[in-house]
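Undergrad: The chain contents come next:
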Amino acid sequence: GNSVTQMEGPVTLSEEAFLTINCTYTATGYPSLFWYVQYPGEGLQLLLKATKADDKGSNKGFEATYRKETTSFHLEKGSVQVSDSAVYFCALSDRGGSYIPTFGRGTSLIVHP
Amino acid sequence: DGGITQSPKYLFRKEGQNVTLSCEQNLNHDAMYWYRQDPGQGLRLIYYSQIVNDFQKGDIAEGYSVSREKKESFPLTVTSAQKNPTAFYLCATSPGSETQYFGPGTRLLVL
Numbered sequence: 001g002n003s004v005t006q007m008e009g010p011v012t013l014s015e016e017a018f019l020t021i022n023c024t025y026t027a028t029g030y031p032s033l034f035w036y037v038q039y040p041g042e043g044l045q046l047l048l049k050a051t052k053a054d055d056k057g058s059n060k061g062f063e064a065t066y067r068k069e070t071t072s073f074h075l076e077k078g079s080v081q082v083s084d085s086a087v088y089f090c091a092l093s094d095r096g097g098s099y100i101p102t103f104g105r106g107t108s109l110i111v112h113p
Numbered sequence: 001d002g003g004i005t006q007s008p009k010y011l012f013r014k015e016g017q018n019v020t021l022s023c024e025q026n027l028n029h030d031a032m033y034w035y036r037q038d039p040g041q042g043l044r045l046i047y048y049s050q051i052v053n054d055f056q057k058g059d060i061a062e063g064y065s066v067s068r069e070k071k072e073s074f075p076l077t078v079t080s081a082q083k084n085p086t087a088f089y090l091c092a093t094s095p096g097s098e099t100q101y102f103g104p105g106t107r108l109l110v111l
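If you read the protein sequences in the order shown, they are chains A and B.
The numbering used here puts the first residue of the first sequence at 1, with every later residue one more than the last.
The numbering used here puts the first residue of the second sequence at 1, with every later residue one more than the last.
Worth flagging that the hints you see were computed from the coordinates, not collected in a lab.
Even for Gly, the Cβ is constructed at its ideal location relative to N, Cα and C.
A few of these clues could be false.
[Claimed, not checked] Covered by chain B, according to a simulated footprint, are these stretches of chain A (three or more residues, beta-carbon under 8 Å):
id, segment
1, 52-66
2, 78-86
[Stated by the list, open to error] DEER-style ranges, computed between Cβ atoms:
id, chain 1, residue 1, chain 2, residue 2, range
3, A, Glu69, B, Ser73, 25 to 33 Å
4, B, Glu62, A, Thr51, 30 to 38 Å
5, B, Pro95, A, Val82, 27 to 35 Å
6, B, Asn28, A, Ser58, 39 to 47 Å
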């Protein structure tokens, strides 16, 4: 079956540091890949997505590239802010099925001033 | 103002009691989902519905029930059979694509 593995957190950084959150996946088909973000006490919201190999998703300074050869979709940001503190979820959706996504366990990011 | 509303924000359940969590959407999305979120465990799918009057069990349906009588509404009942209901419950919708849209969540606590 499908699965998503994320690096464990929390990831603790100082403001303006470079961020990488690793995500690898296992899927039988050609899934679409997503990053969702969850701020404290709220629901998840879509951060970015990529639908095919070598696609780069980007939003709010965050980027992730769909790497089929390494089955990865790592999240990066060049300079984090305190307001980026949240939990980040990597997910995949198998388009051949019923669009039920598979989520990773989430990675907590804490950014200090 | 389009969106997904969940109510209440906090809900307290007594032993042996059934409680119902509300999820309403005005996005005109066909599919709706219920997830349970526990610390360090990510999201687990409870039930989903892709069309009115039809729904399917997810990975952890035991102790829960749902109905989908209207496109806009997908209430979740946590029954007394669910022995460990304390969690954050998230409702989501989808327009039949891969992207999901989430409500603000309901936190259920046991008295």
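Undergrad: Give a verdict on every hint.
TA: Cross-check of the supplied hints:
| no. | hint | result |
| --- | --- | --- |
| 1 | 52-66 | violated (count 0) |
| 2 | 78-86 | violated (count 0) |
| 3 | A/Glu69 / B/Ser73: 25 to 33 Å | violated (44 Å) |
| 4 | B/Glu62 / A/Thr51: 30 to 38 Å | holds (34 Å) |
| 5 | B/Pro95 / A/Val82: 27 to 35 Å | holds (34 Å) |
| 6 | B/Asn28 / A/Ser58: 39 to 47 Å | violated (28 Å) |
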